[in-house]
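Order-wise, the sequence lines are chains A and L.
By the numbering used here, the letter at position 243 of the first sequence is numbered 243, and the numbering carries on one by one without gaps.
By the numbering used here, the letter at position 191 of the second sequence is numbered 191, and the numbering carries on one by one without gaps.
Wrong hints could be hidden among the right ones.
Interface residues of chain A toward chain L, partial, derived using beta-carbon atoms under 10 Å [unchecked claim]: (1) LEU123; (2) VAL127; (3) LEU129; (4) ILE146; (5) LYS189; (6) ASP197; (7) ALA204; (8) VAL239; (9) PRO243; (10) PRO245.
Label-pair restraints from in silico Cβ distances [unchecked claim]: (11) A/ALA375 x L/ASP114: 34 to 40 Å; (12) A/ALA63 x L/PHE24: 37 to 43 Å; (13) L/ASP123 x A/GLU153: 50 to 56 Å.
Derived from the structure by calculation, the hints contain no laboratory data.
The beta-carbon is built from N, C-alpha and C at its ideal position, and this holds for glycine as well.
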Amino acid sequence: MPTTRTLAATIAATAIVALTLTGCSGAADASGTAGAVDAATATDVSAFGDLAGLEAAANEEGALNVIALPRDWANYGAVLDLFAEKYPEITITEAAPDGSSAEEIQAAENLAGQDTAPDVFDLGLAVALSSTDQFAPYQVAGWSDIPDALKEESGLFVGDYGGYMAVGYDPDAVPAPKELSDLLGDEYKGKVAINGDPTQAGAAFAAVGMAAVQNDGSVDDFQAGIDFFSELNAAGNFVKIDPTPATIASGETPVVFDWDYLNVGYGTQLEGERNWEVVVFPGTGYAGYYNQAINKDAPHPAAARLWQEFLYSDDAQNLWLAGGARPVLAEAMAAAGTIDTDLFDALPVVPDETVVPTADQSEAAATLLGEKWAAAVQ
Amino acid sequence: MLLFLALPTLIAVGTGFVGADGGFTLDTVAALGDPVVLAAFGSSIWLSALTAVIGAIVGALVCYALIGAPADGALRSTIDSLSSVLAQFGGVMLAFAFVATIGIQGMITVLLRDSFGIDIYADGVWLYELPGLVLPYIYFQVPLMVITFMPALVSLKTTWAEANATLGGTARSYWLRIALPVLAPSFLGSLLLLFANAFSSYATAAALTSQGSQIVPLQIRSALTSETMLGRENLAGALALGMILVMAVVMTGYSVLQSRAARWQR
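Using the sequences and the hints, build the whole thing.
Dropping the structure here:
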């Protein structure tokens with residue numbers, strides 16, 4: 001068909017790849033035993049003796065497969081570079097940097113047994129909760145410092161970095177919004193975008209959640225959020241292109257709903273080209289954390305565990321902070337004095353009240369969005 | 001070849017009948033009756049039909065204008081090769097071209113706004129919505145029409161026009177009684193091909209519109225990759241089944257019309 005990539009072709013290719021790949025599984029060595037330690041069953045660093053033992057085992061594997069880690073997302077570029085610098089013997093393979101959480105799990109299922117399968121995942125909460133049978137439990141050294149609400153108790157997945165749903169805007173193009181309803185005004189005509197479709201992307205889902213709690217609704221009922229975007233659409237203010245640093249730079253999307261750390265990231269990236277301010281609306285804030293997990297079929301189980309230990313080290317946690325995200329160990333690090341206080345104090349002010357939807361609330365909201373969203377913004 | 005084309009189709013269709021637990025179920029296929037899915041099929045069909053009709057008419061007019069030019073002349077060969085290239089010029093490139101020209105900060109938008117005071121987005125930014133897809137789609141539909149319809153126009157024999165003139169016919173009677181009936185199957189066939197082309201098109205829409213998954217291919221993407229609505233991978237199979245049904249009807253029509261048209265092209 002003469003229209004670039006037709007869907008049928010994509011499906012066909014995927015099916016063929018899946019077929020040929022399952023044919024040659026077993027070729028990869030998934031046992032990953034380093035010395036006497038079976039890394040694939042290690043649930044904390046003591047299985048390797050100490051961190052040096054884990055490092056030795058990981059170096060022996062010599063490779064780490066990560067997936068869906070965009071380099072401009074919460075400072076992941078710097079995190080990956082620091083890991084590569086610290087462990088030069090481990091080659092990092094970055095697959096599908098713009099993939100979704102759901103695609104990470106699909107890749108793990110399709111590539112199970114291959115040495116190209118992802119070792120570790122970085123997941124939104126909804127996917128993490130529904131995919132626990134794909135994870136190997138592991139508790140990092142700083143486990144006890146991680147707030148209970150942000151980790152799965154056996155260590156199947158652990159919150160790592162997060163933030164508040166915020167609005168980024170170009171102060172040269174629009175007046176500063178003080179509250180959500182300001183965005184319905186005439187000054188914002190054809191200017192407001194969401195990072196993705198809420199029926200698909202976690203960040204966009206959170207944007208509707210934030211609009212709901214700011215618009216007299218609650219996380220139990222996203223209808224108020226859907227109503228807000230429906231009004232925004234009727235006012236002609238809603239722009240339905242997917243915002244990227246490119247659309248922000250060109251002025252196509254001067255107002256963007258996104259996580260505060262991603263909005264801060266856009267500002268850093270476009271320094272000198274565009275001014276970019278970030279506001280978390282006062283009142284109730286909508287927070288979300290991304291989670292780390294290890295693939296139970298990880299082809300490099302020791303490297304996967306070393307990656308986890310690395311991500312929860314002070315260095316990496318401070319890198320999240322440098323990217324504008326709130327590291328999960330922030331409180332403990334502030335108490336221990338290991339946090340970068342300049343960066344910590346520079347984060348947008350935390351709203352009076354913070355909500356994070358539970359699994360049930362997320363599911364109900366997703367169902368509601370599936371029914372209502374397409375029609376609400378048409 | 002059969003394996004290459006048929007097997008993925010069968011797998012795609014097959015997943016539509018598999019439930020989340022791996023057993024046989026009709027539930028996912030029943031989900032095709034969901035209002036959101038029906039609306040997506042509706043949008044897909046009207047978008048494809050509209051751009052196919054416009055593309056076919058404009059393309060046919062271009063062809064008609066071209067038969068006056070010498071067959072091996074520079075004009076014909078330039079348009080021929082241009083059409084072959086532009087018919088493939090869909091997807092992200094095309095979407096970007098439109099954002100750069102008639103996006104909110106696009107060259108033409110800004111020119112119209114600043115120099116002529118015309119704001120094409122006075123009622124909201126339609127480029128990133130369903131109606132905004134019409135223009136980009138026509139952009140690859142017209143060249144495709146030129147490629148597929150040109151051979152039919154060329155096969156109109158000059159002897160027919162002469163016979164018509166000899167028998168005292170007018171230009172009107174030539175077109176009404178000879179040319180149009182001969183060309184009709186080719187024209188309708190090309191129209192169906194254009195419809196199928198737009199119906200299965202995905203990347204242009206994916207790059208331009210990010211809200212609501214208004215057409216079926218975007219619904220399939222949503223079902224496969226969503227990180228907020230989980231466990232709907234099998235709905236993608238059911239949606240593919242729906243698309244294949246529509247395509248089967250269209251392509252059957254196309255082959256029937258083609259066999260009629262082929263009679264006059266020998």
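- request: Of all the hints given earlier, name the ones this structure violates by number, lowest first.
  value: 4 and 10
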